[in-house]
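**Student:** Take a look at the letters that make up each chain.
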Amino acid sequence: MSSADNALPVPVGRPRTRAPRRDLWRFLAKRLVAGAVLCVGITLVSFVLTQLVPGDPAAANLGNRAVEDPAAVAAFRAQYGLDKPLPVQYGVYLGKLVRGDLGESQQSHRSVKADLAEYIPATFELALFAIVLSLVVGVTLGIVAAVFRDRWPDQVLRVVSLAGVSMPTFWIALLAFFVFFYKLGWLPGGGRLGPALTPPPRTTGMFTVDAALAGQWGVLGSALEHLVLPGLVLATYTVGMLLRFTRASMLEILGNDYVRAARAKGLPERVVVVRHVLRPALISIITVAGLAFGSLLSGTVLVETIYSWPGLGQYAYTSAKNLDLPAIMGVSVVVAAVYIAINLLVDLLYGVIDPRIRLS
Amino acid sequence: MEPLLRVEDLRVELPTRRGLRPAVDGLSFDVGEGEIVGIAGESGSGKTMTAMTLLGLLPHGARTSGSARFDGRDLLTLGRRQLRDLRGRQIAMVSQDPSTALHPILPVGTQVTEHMRHHLGLSKSAARAEAVDLLATVRIPDPERALGAYPGQFSGGMRQRIAIAVALAARPRLLLADEPTTALDVTVQAGILRLLDRLRRERGLAVLVITHDLGVMSAVADRVAVMYAGRLAESGPRAQVLAAPRHPYTRGLLDALPHPEAADDPARVALRPIPGSPPSLGDVPAGCPFHPRCAFAVPACSTDRPEPLPVAAGHLLACPPDPLPRDDAAPVAEGAPA
Chain C
1 MSSADNALPV PVGRPRTRAP RRDLWRFLAK RLVAGAVLCV GITLVSFVLT
51 QLVPGDPAAA NLGNRAVEDP AAVAAFRAQY GLDKPLPVQY GVYLGKLVRG
101 DLGESQQSHR SVKADLAEYI PATFELALFA IVLSLVVGVT LGIVAAVFRD
151 RWPDQVLRVV SLAGVSMPTF WIALLAFFVF FYKLGWLPGG GRLGPALTPP
201 PRTTGMFTVD AALAGQWGVL GSALEHLVLP GLVLATYTVG MLLRFTRASM
251 LEILGNDYVR AARAKGLPER VVVVRHVLRP ALISIITVAG LAFGSLLSGT
301 VLVETIYSWP GLGQYAYTSA KNLDLPAIMG VSVVVAAVYI AINLLVDLLY
351 GVIDPRIRLS
Chain P
361 MEPLLRVEDL RVELPTRRGL RPAVDGLSFD VGEGEIVGIA GESGSGKTMT
411 AMTLLGLLPH GARTSGSARF DGRDLLTLGR RQLRDLRGRQ IAMVSQDPST
461 ALHPILPVGT QVTEHMRHHL GLSKSAARAE AVDLLATVRI PDPERALGAY
511 PGQFSGGMRQ RIAIAVALAA RPRLLLADEP TTALDVTVQA GILRLLDRLR
561 RERGLAVLVI THDLGVMSAV ADRVAVMYAG RLAESGPRAQ VLAAPRHPYT
611 RGLLDALPHP EAADDPARVA LRPIPGSPPS LGDVPAGCPF HPRCAFAVPA
661 CSTDRPEPLP VAAGHLLACP PDPLPRDDAA PVAEGAPA
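First to last, the protein sequences are chains C and P.
Per the numbering used here, residue 1 is the first one in the first sequence, and the count goes up by one each step.
Per the numbering used here, residue 361 is the first one in the second sequence, and the count goes up by one each step.
Chain P on its own, in the form it takes in the complex (with noise of 0.2 Å):
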């Protein structure tokens, strides 16, 4: 059976000044029920475009190709109205700073409400009644008082909280999480992806965690995929990406992860950043895009476009190199430019 959502080749043009420049550029995904998959990159990788290109809220002018089919119908070619009927009822968004994303005068209750009423043809009471239900399941206390208040009363944490009820009200199948935890403190963050898991132990709920932080993709996550510029570089299972690495870009996110036990421990570096930055929309280089960073480049990552290879059961590597040692436990690789 086809899973929930079934993103095949997707491609994603934005239209830029010199003319439509590849944003997302042949990924492909599979999200299935209950199943909780991560997309990891940097900033300007793709990642939101694709989120954006699946509830239909490109930019003016973007072209689309490939196919993301949702429960059986391609997201791609509905029209404005299915989409729109789609949006927030079947696809909801969380996005990532609930500060901005929650609106800052309009009551907390009339925000989860609204298009509760709108899509499922609740009553006014109906609506607050669930609405209470909701804020009560993602834990705000006193709910029936947080509906009469406003986003700016809570605190960071409560209002992702809030908005993950928000985008929960007319009980999506799908989850798009956006960088949900970025704007958060450490602890709270913990406490938000605990409740991404339970919601979808509970209800079912297929949830797309859009990040740049591989911990917070090792927390929840079933499966992960990893791009870089609009391409996938890896995915596969959670345990395989993450701790066993074949893609030297994967290797250099996890290596960019803090590490605050180093400091008491001289064998470990704190932190290793990659050396450089991501291309810009338009400026992506020929043959592999991460070549000009990558350590174990050899000339042909130069020329010649890597597409993702099976290298496992339901693992994709896009690195025909293949650099990585198989064991994590052998040492790290220096991130040296090429």
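In isolation and in its complexed conformation, chain C is listed as follows (with noise of 0.2 Å):
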């Protein structure tokens, strides 16, 4: 630039075209310690409240001739160092946790890792299944109703998203069950595989992905069929819920100067629509997808219950009904940790989507 216009007005600080690394790992650190702190913070909530349940492990978990005897329970109660105080079974527990140990469930008799190792994966598959079919869904569909918006596509999808989000997830899952699986015979009515077929060789331990990684087609496809049924019942709120968040977000972007001035350089409507409107507009979507994912991910009891799915919902709910204190601690601690890494995850798309945040 010439040194002649010298009533040209200086520029606040050289644009930065890249966000020092530093900053990013000390962010990242930060959230980490802050999670681990969470989560000991959760495991300290979670005991304690099953301490205030009205029961007795002993009872729930031994049978009724041995809870007559004194010896059975006091040898039940010593095993599982149910008859020190309070504060050293916290104590016991944490010290375990921290070496990574999770103590040993009092139904199964394995260690709550190894039940955990079996029951998460097939949770995680079908969350995933459920919320990737749902933003395709949910975002492509606020989109339209946004661009439609109060004409008849609007209009119809309004009534989409309610009903989507109103319906009762138990009563879509038994009737989506009698519809495609008793009556039409479309799709599997439960279980992760056919009854024929072994499970593909462990690596991750989601059925498609080992699958596909054996290169066992049949399995796949009896995996992937298995998916539909619980992942699109699952998916009927999470859809309605992201297309109403993204057609109330979409229209919130579409009054701002800057989409007027897109429109103004006359760039097609498609481009204006994804590129000026959806990508801001995705800050929101993603926060409620993430939250979303959360709930999917911490179990769904009813439809892995409807659909036999041997997820962490459904081991939730029995080691709840057996009053299985490692095990319900562990599902605690597990559910608190995917919480806190999705919402980190969250916070570094932010970053990606938004340069603002990312820069300051």
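Mixed in with the good hints there might be a few duds.
Stated by the list, open to error - Covered by chain P, per the in silico footprint, the following chain C stretches (three or more residues, Cβ under 8 Å):
id, stretch
1, 255-264
2, 267-273
3, 276-285
4, 346-357
Claimed, not checked - Here are the in silico distance ranges between beta carbons for each label pair:
id, chain 1, residue 1, chain 2, residue 2, range
5, C, 271, P, 599, 43 to 53 Å
6, C, 148, P, 417, 15 to 25 Å
7, C, 269, P, 547, 33 to 43 Å
8, P, 516, C, 168, 48 to 58 Å
9, P, 493, C, 28, 39 to 49 Å
10, P, 438, C, 284, 34 to 44 Å
11, C, 269, P, 682, 43 to 53 Å
12, C, 203, P, 516, 49 to 59 Å
13, P, 417, C, 252, 14 to 24 Å
14, C, 291, P, 433, 45 to 55 Å
Worth flagging that the hints you see were computed from the coordinates, not collected in a lab.
None of these values were measured; they are calculated from a predicted model.
The beta-carbon is built from N, C-alpha and C at its ideal position, and this holds for glycine as well.
Grab the two chains, each in its own frame, and use the hints to assemble them into the complex.
**Tutor:** Below you can see the structure in the form of structure tokens.
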């Protein structure tokens, strides 16, 4: 630039094109420490809560006869450390937790870690299927609703989203089960694989992925088929929710000057909608999607029960029913960690979408 | 030869809750190549709607009549597709506030090049090279780097320069500048106005400046049209309209300019507002729309619609009483409500 033009306003600060890496690492470290502290806090809360529940684990786990026998009860309590004072019990639990030991389940007599390793991938697979489906369908329909605001596609979609969020999941689950499995026989009604098949060699625990890795296409097909019904049922709610949020945040952005400016540039409407409107709208969409994914991951008892899906929801339910304290605690810690991880992921995505967040 | 843009008897009606109401009513003006024409008026006088009409970006349900011929084609009768091909490519817009008109989360480079590539079919690298030139033209320091930066990293004046670069990217022939300096400091304003003036000289760009600020007009416009409540009050060469205004409304706008030197001079009034406020859409009084606020109103003003009539070469005036003294040195009329 010419130095003669001295009336030139000076730019405030040099534009930085790339945020320093160091800031990202500091951010991650801070969030991970905070997450760990939060996890410990959650173990305390769930520990206290399990103690407040009226009921005795010994009574729940031992048979009727054994409960009558003081010696058997004392042995059970000693085995699981229930005879020690509560603070000591909690201290022992924490000490094990730090070493990655979640204790032993009182029902399965296996380590809680082994139980979780079996159930989590099943839930993760289902939740991932449902959230991807919901994002594709919900966001697309939300865009359509916003673009056709107050015209007939919007009116139709308003009913769709209302139905999606207000129909009870268990009812949709039963209805879908009845229609697509019982009446039409199009889709399997439960489980993760056809009865004649054996699970693929375990790598991730997710049958679809493992089957694909092992090249077992028949198994992959069956696993996908089994995902469809529970996945669709779980997705009805999230589709309705994402549709509404996408529409609302798109409409908010559509009113901005910069959208008018984009139109004034003569860009095709598709480019205006996707690049100039959808991108900023994604901020609120991923916030909602993150929360929805979290609740899908923490297991959905009703759907998992109706479709005999051996996931975290079913595990949590049976553990709670049997007052299986180590299992309940294990589930709590996992769910807490899942939410913390998703929140962190969402925050990182904010930075990817919006440079203002990345740079500050 | 016909000028690049000739607007004749333009009428724009906008949908309101009480039906269609005129936002622009019988407006005519020309903008020639390399010329800067200013449209002045308070907010609500139909200035921005005029720009939106020329871009074909009126709200749903708006109705237009009259004509707006750009390069021989009537913008009011073009199809959506043809208008879209014209927007950005032939007619571009710079709007009031660069902090809201630039997309906050798209890199400057994308915003400068996207329509360049769409309209001109340039490759990514060619568009980038041209964007660098363009940013240098509007005097953005370190243009290469600016391409990867975001609008939030620049000051207000720099953002407006970027917005102008964005508007110029697809090499338009007409630039609509809607309050291009309103959101900026006075010193920065001057820089932007000089830039517009330079672009018109160097590129033969036609510029339509829309503003409420007659100070901006006097700095750059060749010709000025003053609008009130969607109608033309007065138009003509800048020197005539601003130095010797014939319409009481123009006089009022000039008096409403702040005079910083008045602080030391008791004979001058720092700033004299026009009493009252402009009518809202659909509430325009009968007769001359300005008559309720006019110190010179005569009974006929409240009944007869004044038509713009030539009073000098190229000077139109829509005020039959023509009450103002011809000599600008004469005492300024007291702005008492009629």
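**Student:** Run every hint past the structure and note whether it holds.
**Tutor:** Going down the list of hints, with the structure as the test:
With 8 residues having a Cβ less than 8 Å from any Cβ of chain P, the stretch 255-264 of chain C passes the three-residue criterion, so the hint holds. For the stretch 267-273 of chain C, the stated coverage by chain P is satisfied: 3 residues place a CB nearer than 8 Å to a CB of that chain, which reaches the threshold of 3. Counting residues of the stretch 276-285 of chain C whose beta-carbon sits less than 8 Å from any beta-carbon of chain P gives 3, enough to reach three: the coverage restraint holds. Coverage of the stretch 346-357 of chain C by chain P holds. Counting CB-CB distances below 8 Å, 4 residues qualify, and the rule asks for three or more.
Range check, residue 271 of chain C to residue 599 of chain P: Cβ separation about 44 Å, and the 43 to 53 Å hint holds. Taking 15 to 25 Å as the suggested C-beta distance range, the pair residue 148 of chain C and residue 417 of chain P conforms, at roughly 18 Å. Range check, residue 269 of chain C to residue 547 of chain P: Cβ separation about 39 Å, and the 33 to 43 Å hint holds. For the pair residue 516 of chain P and residue 168 of chain C, the supplied restraint of 48 to 58 Å holds, since their beta-carbon distance comes to about 53 Å.
The supplied range of 39 to 49 Å is met by residue 493 of chain P and residue 28 of chain C, whose beta-carbon atoms lie about 40 Å from each other. Hint check: residue 438 of chain P to residue 284 of chain C, Cβ distance near 37 Å, so the stated range 34 to 44 Å holds. Checked against the hint of 43 to 53 Å, the C-beta distance between residue 269 of chain C and residue 682 of chain P comes to roughly 49 Å, which is consistent with it. At about 56 Å, the CB distance of residue 203 of chain C to residue 516 of chain P agrees with the hint of 49 to 59 Å.
The hinted range of 14 to 24 Å is satisfied by residue 417 of chain P and residue 252 of chain C, whose Cβ atoms lie roughly 19 Å apart. For the hinted restraint 45 to 55 Å between residue 291 of chain C and residue 433 of chain P, the CB-CB distance of approximately 52 Å keeps it satisfied.
Every hint, counting from the list given before, is met by this structure.
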